[in-house]
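2 protein chains.
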Amino acid sequence: MIVTVTLNAALDITYRTPALVPHTTHRVSEVAERPGGKGLNVARVLSALGHETVVTGFAGGRTGDVLRELLGDRGYGAGAGAGGSRSRPVDALVPISGSTRRTLAVVDETSGDTTQLNEPGPTISSAEWSDFLGAYERLLTGADAVALCGSLPPGIHVGAYAELIRRARAAGVPVLLDTSGEPLRRGVAARPDLVKPNADELARLTGSREPLRAARDARRRGAHAVIASLGPDGILAATPDGIWQATPPASVKGNPTGAGDSAVAGLLSGLVEHLPWPARLARAVALATATVLAPAAGEFDAEAYEELLPRVTVTEHPGP
Amino acid sequence: MIVTVTLNAALDITYRTPALVPHTTHRVSEVAERPGGKGLNVARVLSALGHETVVTGFAGGRTGDVLRELLGDRGYGAGAGAGGSRSRPVDALVPISGSTRRTLAVVDETSGDTTQLNEPGPTISSAEWSDFLGAYERLLTGADAVALCGSLPPGIHVGAYAELIRRARAAGVPVLLDTSGEPLRRGVAARPDLVKPNADELARLTGSREPLRAARDARRRGAHAVIASLGPDGILAATPDGIWQATPPASVKGNPTGAGDSAVAGLLSGLVEHLPWPARLARAVALATATVLAPAAGEFDAEAYEELLPRVTVTEHPGP
Chain H
4 MIVTVTLNAA LDITYRTPAL VPHTTHRVSE VAERPGGKGL NVARVLSALG
54 HETVVTGFAG GRTGDVLREL LGDRGYGAGA GAGGSRSRPV DALVPISGST
104 RRTLAVVDET SGDTTQLNEP GPTISSAEWS DFLGAYERLL TGADAVALCG
154 SLPPGIHVGA YAELIRRARA AGVPVLLDTS GEPLRRGVAA RPDLVKPNAD
204 ELARLTGSRE PLRAARDARR RGAHAVIASL GPDGILAATP DGIWQATPPA
254 SVKGNPTGAG DSAVAGLLSG LVEHLPWPAR LARAVALATA TVLAPAAGEF
304 DAEAYEELLP RVTVTEHPGP
Chain X
4 MIVTVTLNAA LDITYRTPAL VPHTTHRVSE VAERPGGKGL NVARVLSALG
54 HETVVTGFAG GRTGDVLREL LGDRGYGAGA GAGGSRSRPV DALVPISGST
104 RRTLAVVDET SGDTTQLNEP GPTISSAEWS DFLGAYERLL TGADAVALCG
154 SLPPGIHVGA YAELIRRARA AGVPVLLDTS GEPLRRGVAA RPDLVKPNAD
204 ELARLTGSRE PLRAARDARR RGAHAVIASL GPDGILAATP DGIWQATPPA
254 SVKGNPTGAG DSAVAGLLSG LVEHLPWPAR LARAVALATA TVLAPAAGEF
304 DAEAYEELLP RVTVTEHPGP
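Here the protein sequences come in this chain order: H and X. The first sequence lines up with residues 4 to 323 when you count with this note's numbering. The second sequence lines up with residues 4 to 323 when you count with this note's numbering.
Pulled out of the complex, with its shape left as it was, chain H reads as follows (with noise of 0.2 Å):
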């Protein structure tokens, strides 16, 4: 079982509209409303690969429960095209008082265009923390992997992960995490077994901007294993085996939302399925681009990741 971390969940809402004018009037055309957040994403991933996986975070008010109808419904564990057969995330949210957050994109109809709107989201409680903490180590008796994603909400300290992360080695549990900022920064200190940030990510926490460099870094600040999404160009990683990059066939047109998350779910499941690393890059290539290609964001389009898989070019770096 693989437990995913979401701390600061959200309703994911998207309206349609023609084209986003600043200070006019607009009727959006459609609404749609699913989970939101990092954690959630990768869940959704992961249970349409097969995998059995818990979702915890917290979740609060009307828009909280909103978010767990929705995660409960059939259908949500499916890639795109994948059917809704598979099975779905387990709900083990925590419970807050204060309301879960929306995120809003609107999307122009005509360019395809994304502005996006994201609620800071609730205040956690010391009191709601600890039950988190409860609810995680419960967990973590029964996990294969976790990973943490996402921002922290208000209310949570920022070393929270480093703690998560600490909690997991000492059950024995390997951890990914996938964050930004000093949570990041913290959180590699803390030797997760695998860290996956973007470039952008990557620079602020080293200072550099030349991914092989920056990976390298980041290693020698406590990550085992660096796991760079450098956007079209695919992923570097730079781990104790050794440093690969893996490219897609070709670059993609689409949205790339929730490319990521889809990359972290192929890590992760190859992580817990033993698979070599140059074979769970392939995977997290070829899910990400399957991503890029479907036409809701977030989802994956399930043909096109199977002809995509043999197609991913891994290379080992000849450097140490």
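Some hints could be false.
20 Å max Cα-Cα, derived SDA-like pairs, lysine to any residue [what the hints assert, rightly or not]: (1) K256(X) x K256(H); (2) K256(H) x T27(X); (3) K256(X) x D236(H); (4) K256(X) x R170(X); (5) K256(H) x H26(X); (6) K256(H) x R224(H).
Calculated from the model, a selection of chain X residues having no Cβ within reach of chain H, i.e. all distances over 12 Å [claimed, not checked]: (7) R65; (8) D68; (9) A202.
What the hints contain is simulated information worked out from the structure, not anything from laboratory work. Glycine is no exception: its CB is placed at the ideal position from the N, C-alpha and C atoms.
Position chain X against the provided structure of chain H, taking the given hints into account.
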């Protein structure tokens, strides 16, 4: 008791953000929610003026639940600065299976400019419309006046307001219509006691952009009295008893959202208090101006209202 009808009620959400830039990501600094829709705004101002008010229309889903909770909240029935001691509108909204729509205002913190995104609203079934007609008939038996406000939701026939006007007239209850487009055209033909179009709505109805000519034309089409809101120029009233223009003492800067709804509340309260036309018009203009001056959209500044009221100029038009 005054009844206000809001067939397309909304949960009004306001986001504050430094400046809206299309196709980028924004962190929302502040989120506010309140009951929305013209008839609910009118009812809030009527309550603040001390009038017993009942709101009806439709509410459903999680957003409908939030709307009804906020309607019941202490302080909802108060103008800004008027304190929370006034009565609140009574909730007689009819439940529906669909979800009440949201309307989102994104306010740029630097300029105060607002970008509006309005969801279309749930489709009303014919059974739900019948439920509403039953509730409406029961409310008419105790009503001193009724206001029909705003757009029609999907599923409601374009002659709906005309039907509601005929039923109010049959019950001997004075009826005010505040809508636009084809529902206004059909409604006017059903001979309402008052219509309150703005200059654009009046021009679309009559084909004339000259307010006096257009107001007279709208009277010929069926409206007993036409009160045209002319923004900073105040209002022009074409009535069976004469024609008046009411003008605020000075043009004011602020947020005009809800100013027209406050004017409707002024007209209705003056009607049930049997005030002469000039006093009704002065009240409508003073309330609308005090709404522009209030810090929150759709509130009115009670002190400003008291101070403005004696300073509104009402001049009678000499012509027939």
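Going through the hints against the structure:
Using a Cα cut-off of 20 Å, the hinted pair K256(X) and K256(H) is violated, with the two alpha carbons roughly 47 Å apart. For the hint linking K256(H) to T27(X), the alpha-carbon distance of about 18 Å falls within 20 Å, and the restraint holds. Distance hint between K256(X) and D236(H) is unfulfilled; the C-alpha atoms sit about 52 Å from each other, more than 20 Å. Between K256(X) and R170(X), the direct Cα distance comes to roughly 40 Å. Violation of the 20 Å bound is thereby established for this hinted pair.
With a C-alpha separation of about 17 Å, the suggested pairing of K256(H) with H26(X) holds against the 20 Å cut-off. A distance of roughly 35 Å separates the Cα atoms of K256(H) and R224(H); the hinted pair therefore is violated under the 20 Å criterion. The Cβ of R65(X) does not lie farther than 12 Å from every Cβ of chain H; its closest approach is about 5 Å, which violates its non-interface assignment. Annotated as non-interface, D68(X) brings its C-beta within 12 Å of a C-beta of chain H; the closest such distance is 7 Å.
Remark: the non-interface label on A202(X) is consistent with the geometry, its nearest Cβ contact in chain H lying 17 Å away (cut-off 12 Å).
Of the numbered hints stated above, those contradicted by the structure are hints 1, 3, 4, 6, 7 and 8, listed in ascending order.
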